[in-house]
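Trainee: Take a look at the letters that make up each chain.
2 protein chains.
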Amino acid sequence: MYAMDGKVSASLGDIEALAIQCLVEAGASQAQATAVARNIAACERDDCKSHGLFRLPGYLKSLLSGKVTGDARPVIRELTPIIVHLDAAGGFAPLAHEVACEDIAKRARRFGMAALTITNCYHFTALWTELEPLAATGLVAFAFRNGISRVAQHGGRTPVFGTNPMAFAWPRRGKPPFIFDFATSEIARGEIQLRQRNGESIPLGWAVDKEGQPTTDPAIGLAGAQLTFGGHKGSALATMIELLSGPLIGEMLSSEALRADNGDGGPPRGGELLIVLDPTRFHDHAKPEAAIDHAEVLFEQLQSDPGARLAGDRRYAARARNSAGLVTISPKLIEELRGLAGPRTKAMLDMIALPGRGAGQIAP
Amino acid sequence: MYAMDGKVSASLGDIEALAIQCLVEAGASQAQATAVARNIAACERDDCKSHGLFRLPGYLKSLLSGKVTGDARPVIRELTPIIVHLDAAGGFAPLAHEVACEDIAKRARRFGMAALTITNCYHFTALWTELEPLAATGLVAFAFRNGISRVAQHGGRTPVFGTNPMAFAWPRRGKPPFIFDFATSEIARGEIQLRQRNGESIPLGWAVDKEGQPTTDPAIGLAGAQLTFGGHKGSALATMIELLSGPLIGEMLSSEALRADNGDGGPPRGGELLIVLDPTRFHDHAKPEAAIDHAEVLFEQLQSDPGARLAGDRRYAARARNSAGLVTISPKLIEELRGLAGPRTKAMLDMIALPGRGAGQIAP
Numbered sequence: 270m271y272a273m274d275g276k277v278s279a280s281l282g283d284i285e286a287l288a289i290q291c292l293v294e295a296g297a298s299q300a301q302a303t304a305v306a307r308n309i310a311a312c313e314r315d316d317c318k319s320h321g322l323f324r325l326p327g328y329l330k331s332l333l334s335g336k337v338t339g340d341a342r343p344v345i346r347e348l349t350p351i352i353v354h355l356d357a358a359g360g361f362a363p364l365a366h367e368v369a370c371e372d373i374a375k376r377a378r379r380f381g382m383a384a385l386t387i388t389n390c391y392h393f394t395a396l397w398t399e400l401e402p403l404a405a406t407g408l409v410a411f412a413f414r415n416g417i418s419r420v421a422q423h424g425g426r427t428p429v430f431g432t433n434p435m436a437f438a439w440p441r442r443g444k445p446p447f448i449f450d451f452a453t454s455e456i457a458r459g460e461i462q463l464r465q466r467n468g469e470s471i472p473l474g475w476a477v478d479k480e481g482q483p484t485t486d487p488a489i490g491l492a493g494a495q496l497t498f499g500g501h502k503g504s505a506l507a508t509m510i511e512l513l514s515g516p517l518i519g520e521m522l523s524s525e526a527l528r529a530d531n532g533d534g535g536p537p538r539g540g541e542l543l544i545v546l547d548p549t550r551f552h553d554h555a556k557p558e559a560a561i562d563h564a565e566v567l568f569e570q571l572q573s574d575p576g577a578r579l580a581g582d583r584r585y586a587a588r589a590r591n592s593a594g595l596v597t598i599s600p601k602l603i604e605e606l607r608g609l610a611g612p613r614t615k616a617m618l619d620m621i622a623l624p625g626r627g628a629g630q631i632a633p
Numbered sequence: 270m271y272a273m274d275g276k277v278s279a280s281l282g283d284i285e286a287l288a289i290q291c292l293v294e295a296g297a298s299q300a301q302a303t304a305v306a307r308n309i310a311a312c313e314r315d316d317c318k319s320h321g322l323f324r325l326p327g328y329l330k331s332l333l334s335g336k337v338t339g340d341a342r343p344v345i346r347e348l349t350p351i352i353v354h355l356d357a358a359g360g361f362a363p364l365a366h367e368v369a370c371e372d373i374a375k376r377a378r379r380f381g382m383a384a385l386t387i388t389n390c391y392h393f394t395a396l397w398t399e400l401e402p403l404a405a406t407g408l409v410a411f412a413f414r415n416g417i418s419r420v421a422q423h424g425g426r427t428p429v430f431g432t433n434p435m436a437f438a439w440p441r442r443g444k445p446p447f448i449f450d451f452a453t454s455e456i457a458r459g460e461i462q463l464r465q466r467n468g469e470s471i472p473l474g475w476a477v478d479k480e481g482q483p484t485t486d487p488a489i490g491l492a493g494a495q496l497t498f499g500g501h502k503g504s505a506l507a508t509m510i511e512l513l514s515g516p517l518i519g520e521m522l523s524s525e526a527l528r529a530d531n532g533d534g535g536p537p538r539g540g541e542l543l544i545v546l547d548p549t550r551f552h553d554h555a556k557p558e559a560a561i562d563h564a565e566v567l568f569e570q571l572q573s574d575p576g577a578r579l580a581g582d583r584r585y586a587a588r589a590r591n592s593a594g595l596v597t598i599s600p601k602l603i604e605e606l607r608g609l610a611g612p613r614t615k616a617m618l619d620m621i622a623l624p625g626r627g628a629g630q631i632a633p
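Quick mapping for you: the protein sequence lines, in order, are chains A and B.
Mapping of the first sequence onto this note's numbering: residues 270 to 633, in sequence order.
Mapping of the second sequence onto this note's numbering: residues 270 to 633, in sequence order.
One or more hints might be untrue.
Intra- or inter-copy, both count: the list cannot distinguish identical chains.
[Stated by the list, open to error] SDA-like mimics (lysine to any residue), calculated; alpha carbons at most 20 Å apart, straight line:
no. : residue 1 : residue 2
1   : Lys375    : Leu348
2   : Lys444    : Arg466
3   : Lys479    : Ser573
4   : Lys375    : Thr349
5   : Lys276    : Asn591
6   : Lys556    : Asp356
7   : Lys375    : Pro350
8   : Lys479    : Asp574
9   : Lys330    : Pro612
10  : Lys330    : Gly359
11  : Lys479    : Gln572
12  : Lys601    : Gln465
13  : Lys479    : Arg578
14  : Lys556    : Arg378
15  : Lys444    : Glu565
16  : Lys336    : Gln299
17  : Lys479    : Glu569
18  : Lys556    : Arg346
19  : Lys556    : Gly519
20  : Lys556    : Lys615
21  : Lys276    : Pro557
Simulated from the structure, these hints should not be mistaken for lab results.
Looking at chain A on its own, in the form it has when it is part of the complex (with noise of 0.2 Å):
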């Protein structure tokens, strides 16, 4: 980790690092703390900045009021030959999917597709993180999570949604999977904090007042509700992935999730399905990977038409550039570190923001 002109650049390996020393110091087991810091490390990796080192404050904070369970253990039992159920014990969401993920994948080749419920777990990250390793063994997968209500269906103002992420992934031959991840919202509800910390105003369909009336004011849409993108169909997707992540599974609904969650700025409580499908089985052509490479028409198709560009292009080419080199950490993120690291982490972050020194290579 270098601190030059007020600037922090770190490698993922330091970045992983000074996120399990966070975690355990915060009172993280050393097998939650390291599933977790490998997904920050990941998104870091991808310039997917949102669900990277931004997300450890509030790791730390669920940990620090005692919402999560610290040392949680995930417990994994059949419901069917085909649909698995995780129990995440009140911990965090990466090692769950580390546990569940190779049952999972074994039951989809097995029976051709196979399905996950998550329940009982705080969840921070990003989907495509947990649908990337399904996809990098030859599996189509979708996930659909729920959240805390803060999202009104179209023509409505209550908040009734999570922001209501889907994911779907599909693998591609030699080269990395076609995966989106999107939220079911208009807009990511730190995007809209950002622009009143900014003073600037938000653009019409991000967020309604109290009335469900229009507005471009980010502290009145904050306390009204957001909007789901695609008025009645992006709502309509928001009730599905609702419906799928919370009574489906046996898991709160977001308005419950809301309601249960003590406003530590961590991770809220949320259910998530997976369904997984083995695409060699939903054929019979001679060729089992006769689907992998049709498929590749149509990325092609899409691919050759100008101005255009697919889903998870960006985050691979950030990887590139990023994987064998630095990154770089705000200030501001060591600073709230700062606050909530305990004694080793903190002599650790005091000393890369010493004022006045100069480059140079500081621990771990």
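Following the hints, position chain B against chain A.
Mentor: This is chain B only, laid out in the frame that chain A set:
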């Protein structure tokens, strides 16, 4: 069927009988004709006019041109214990669905989840008609279908996707199911054609010209490409649907279906994927119906929000209105059918449009 003051009114039974007679005279087997006619009558019942009798001329044209096999017998077979393939044998979708519905429901109940792939099928129906029978027996279901290339990806200019609809159904106790069914194009192609016919402009965001520039001219938009709804998110969904209903199941891409189509104005060839879930198998509550009960909390929240409406509510209201009474048929449509009809149907249609004829019942 009644003609009065230039308007034609018909009972749902009359519509079904008329459609069967037209289809059989155009070469359909009784089984194919009955399944299509039932579907058309169900759409008229729900004021889903775009998929009602309005579609009958297209069905007839595709039989008369020889594109569709009028006496096709769908063949069902197992790919895995939870994946079933239905070869529609070059026939229409409604019979295919009738044949497969019970089998797929049984597998979903046994394992908790099952999938149906449909290939070699000509599809002109609304997806909600296919999911409602499953939801009526307590099952949750998704449907995904591609079409013929009309729609460009976000930021692009080349038609790649069909209007690629998806649908989702969730059962409710003692109430009709929650079902949404939407195209991933911003708007139906017919809506742009209607504006063109009326000499009206189209809003920005519906279509682009051949260079990918926004247009308000319907003719330029039709020659260029339609756009997906919801920007890059809708575009991502359209890609997913293209993959699931084409390469995954061994069917054509929308671009391939466009090339293969004879342009007769009837349904294009297209693949379809259904995924069916038994909501009593995704959790282990003491009460198997816990998921359905819990979902009602969400529906109550959504329905109590002023100004908002549940997907499907408008259709169910129309159903209540129309089931006992008569629905109206456009005289223009009667004329169009006359041009395509066989001698027996023609004789009957001639009677309806008899100029100066007063009110009175007409066969069938």
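Trainee: Now tell me if each hint is right for this structure.
Mentor: So, going through the hints one by one against the coordinates:
For a Cα distance limit of 20 Å, the shortest separation of lysine 375 from leucine 348 qualifies both inside one copy, at 15 Å, and across copies, at 17 Å. Within a single copy, lysine 444 and arginine 466 get their C-alpha atoms no closer than 40 Å, and across copies no closer than 46 Å, so neither meets the 20 Å cut-off. Taking the closest pair of Cα atoms, lysine 479 and serine 573 come within 20 Å of each other only across two copies (15 Å); inside a single copy the shortest separation is 45 Å, beyond that limit. In this assembly of identical chains, lysine 375 and threonine 349 lie within 20 Å of each other by CA distance both inside one copy and across copies; the values are 14 Å within and 15 Å between.
For the homomeric pair lysine 276 and asparagine 591, the shortest alpha-carbon distance inside one copy (17 Å) is at most 20 Å, but the shortest distance between copies (69 Å) is not. Taking identical chains as interchangeable, the C-alpha atoms of lysine 556 and aspartate 356 lie at most 20 Å apart only when they sit on different chains, with a minimum of 19 Å there against 38 Å within one chain. In the homo-oligomer, the alpha carbons of lysine 375 and proline 350 lie at most 20 Å apart both inside one protomer (11 Å) and across protomers (15 Å), since each shortest distance falls under that limit. Proximity of lysine 479 and aspartate 574 under a CA criterion of 20 Å is satisfied inter-copy only: 11 Å between copies versus 42 Å inside one chain copy.
For the identical chains of this complex, lysine 330 and proline 612 are intra-copy neighbours only, at 16 Å inside a copy versus 78 Å across copies, given an alpha-carbon limit of 20 Å. With identical chains, the CA atoms of lysine 330 and glycine 359 are at most 20 Å apart within one copy only, with a shortest distance of 15 Å there and 60 Å across copies. Taking CA atoms no more than 20 Å apart as the test, lysine 479 paired with glutamine 572 passes between copies only; the shortest distance there is 17 Å, against 43 Å inside one copy. Taking CA atoms no more than 20 Å apart as the test, lysine 601 paired with glutamine 465 passes inside one copy only; the shortest distance there is 18 Å, against 56 Å between copies.
Taking the shortest Cα distances, lysine 479 and arginine 578 sit within 20 Å of each other only across copies (18 Å), while inside one copy they are farther apart (37 Å). For a Cα distance limit of 20 Å, the shortest separation of lysine 556 from arginine 378 inside one copy, 16 Å, qualifies, whereas the shortest one across copies, 31 Å, does not. With identical chains, the CA atoms of lysine 444 and glutamate 565 are at most 20 Å apart within one copy only, with a shortest distance of 11 Å there and 43 Å across copies. Within a single copy, lysine 336 and glutamine 299 get their C-alpha atoms as close as 18 Å, which meets the 20 Å cut-off; across copies the closest is 64 Å, which misses it.
Taking CA atoms no more than 20 Å apart as the test, lysine 479 paired with glutamate 569 passes between copies only; the shortest distance there is 19 Å, against 46 Å inside one copy. Within a single copy, lysine 556 and arginine 346 get their C-alpha atoms only as close as 34 Å, which misses the 20 Å cut-off; across copies the closest is 19 Å, which meets it. For the homomeric pair lysine 556 and glycine 519, the shortest alpha-carbon distance between copies (11 Å) is at most 20 Å, but the shortest distance inside one copy (40 Å) is not. Proximity of lysine 556 to lysine 615 under the C-alpha cut-off of 20 Å is found in neither arrangement, the shortest distances being 57 Å within a copy and 50 Å between copies.
Taking identical chains as interchangeable, the C-alpha atoms of lysine 276 and proline 557 are never at most 20 Å apart, the minima being 51 Å within one chain and 56 Å between chains.
Hints 2, 20 and 21 from the list above are not met by this structure, while the remaining hints are.
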